[in-house]
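Trainee: Residue numbers (my numbering), protein chains in the order written: chain A, 18 to 360; chain B, 18 to 360.
You may find that some hints are simply not true.
Which copy is meant is left open, so a pair is good if it fits within one copy or across any two.
[To be verified] Taking lysine-lysine and the DSBU-like style, the derived pairs with C-alpha atoms no more than 35 Å apart in a straight line are:
| id | residue 1 | residue 2 |
| --- | --- | --- |
| 1 | K204 | K41 |
| 2 | K22 | K241 |
| 3 | K171 | K142 |
| 4 | K204 | K241 |
If you're looking for bench data, these hints aren't it; they were derived computationally from the structure.
Number of protein chains: 2
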Amino acid sequence: MSDEKRTEIGELGEFGLIEKLAEKFSPVHNETVKGIGDDTAVYDLGDQYLLTTTDMLLEGVHFDLSYVPLPHLGYKAVAVNISDIAAMNGLPKQITVSMGLSNRFSVEAVEALYEGIKAACDEYKVDLVGGDTTSSSSGLVLSITAQGVVERDKVVYRNGAMEGDILCVTGDVGGAFVGLQILEREKAEFLANPEMQPKLDKYDYVVGRQLRPRARMDIIHELKDLAIQPTAMIDISDGLASEAFHICKQSGLGVAIYEDKLPIEKQAFETAAEFSIDPNSCALNGGEDYELLFTIGQDDFDKIKNHADIHTIGYMQAKSKGRTFVTRSQNVVELQAQGWKHF
Amino acid sequence: MSDEKRTEIGELGEFGLIEKLAEKFSPVHNETVKGIGDDTAVYDLGDQYLLTTTDMLLEGVHFDLSYVPLPHLGYKAVAVNISDIAAMNGLPKQITVSMGLSNRFSVEAVEALYEGIKAACDEYKVDLVGGDTTSSSSGLVLSITAQGVVERDKVVYRNGAMEGDILCVTGDVGGAFVGLQILEREKAEFLANPEMQPKLDKYDYVVGRQLRPRARMDIIHELKDLAIQPTAMIDISDGLASEAFHICKQSGLGVAIYEDKLPIEKQAFETAAEFSIDPNSCALNGGEDYELLFTIGQDDFDKIKNHADIHTIGYMQAKSKGRTFVTRSQNVVELQAQGWKHF
């Protein structure tokens, strides 16, 4: 843009760029409890906190309409924001949806997108309250903002984990990444031979994980019923390891995760093997599962130990003990996080 | 996208599309006071209302970086959202900024954009509390959401105007549109002859109106000091006439606007003439001035009649009397609204 110094964004990465930009800003309102740096922003309403989160999805970067049906895209775009509200232990209330549309999109196509948005609004009980609609010179652009609330003494940040806390993950992980590999392969095969019929039946679970992930509001309600207040929580968008690192960094701790505890669904495991990808790597670095990763005090262990959908996968340890991965053969190795690179 | 019926978005237009999509949604939360259809969404917090608004700006559609400096773009992108909060008689508190960046953008370019965002945050006293940063395959995408609050008995909608209310506009109108013509002309001349130096000095006011419009928070504070509660209010993004029509439609009224009352700044008037454009048309349909258009009861007239920056330009009349424009020669013609067409 000029003759002056030019630093590529890739040199800093997404998080580095955000950190650099954010350091010049400091809140002027006492009500601003949290700005950048957690799953949502937090604004003090008195007894309650207002939670705000936003996500931008660009065609060709975040989704490929050659294999993502528009209703699924609409559903997922809402669900990923609801998932951020869940990660603060909050209840979602409202969303706004902004979209840029190239002239490739008909009214019927937009209606198909909104079918999915409506399905998510119905499922998560959120009101669509506004947005912005404009033309785009290049494909579909979606930007969704979600607002929710949480009682002020129930909010859960990334920074509250304590040494000895148990690390839990909901559902199963790695499936969404494996599903993406299937969809990419099918696309390549279709391009090579358009007569070919897609063979997705065998992969229905993992493909569903990629196309239509659910926000785990059910878990938020269950934790409340079980009287469990997580000490730290985050949702898995970038990958379990990367999200665990956020909790470590913000809580000033290390972590130990056990290979034999990672919940990997059978189809995800087998499909990963079919692609010669390490299933553990899918589970730790795959991302887009939108499960919840959280820590609880040891006193709460009995309340969840028999829960079918909450898995204890490790514990928080002193920072000096590092971030470790304990293999089935009891080898302790350094935990690696790759996460997603957007740049 | 399929062989089925295909309706072009242009057939419905932006508002028609939004209406069609919105009709399938109905709020489930009692706290949702207003969804789609005003300057912001409104959520009931008890004594206060939460106001939420969002705007999406796409390179090549909403701005042209060949003549829009990045700091100005950042400032304007925030200001247009603050302007929506102002139009509800509210105070802005927080914004989120999401952006998609193609690899054309360096870290330094993003910092220049954020310089403007910061200038707007400082001026309007809002906290930047989050956002999303991602790569884009096609230029710069900006999506900003602003949140504000208003005491529940002070909120101003578009639907509260009464017959006989006085129609007021702040500042002056038409300048931003004229400024855009100058910038487009300079660009064309530069492309024809890159050696040419831009001649913008003579047009500093109108170019400034286009590049760096201000949200009229000053007026919101003054109205409060004057103990004036507008009966209806909207900000001028699409054009004065189009915005007046929103007030008419939602309040179930007609309007009369007087040609000789339209506040058109001298440079805007002369520059419009230079382009052989009717200055009235710039004032009524130009858009992007981000001034406030509002109605007040006749009892409040004395409080503003000598205000240098609030102009009374007409009054609300019965719906049956229509939407009229009274020329200098006292001819009464039908008021036309062109607004912006995004599709």
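Trainee: For a quick check of understanding: which of the numbered hints are violated here, in increasing order?
Mentor: 2 and 4
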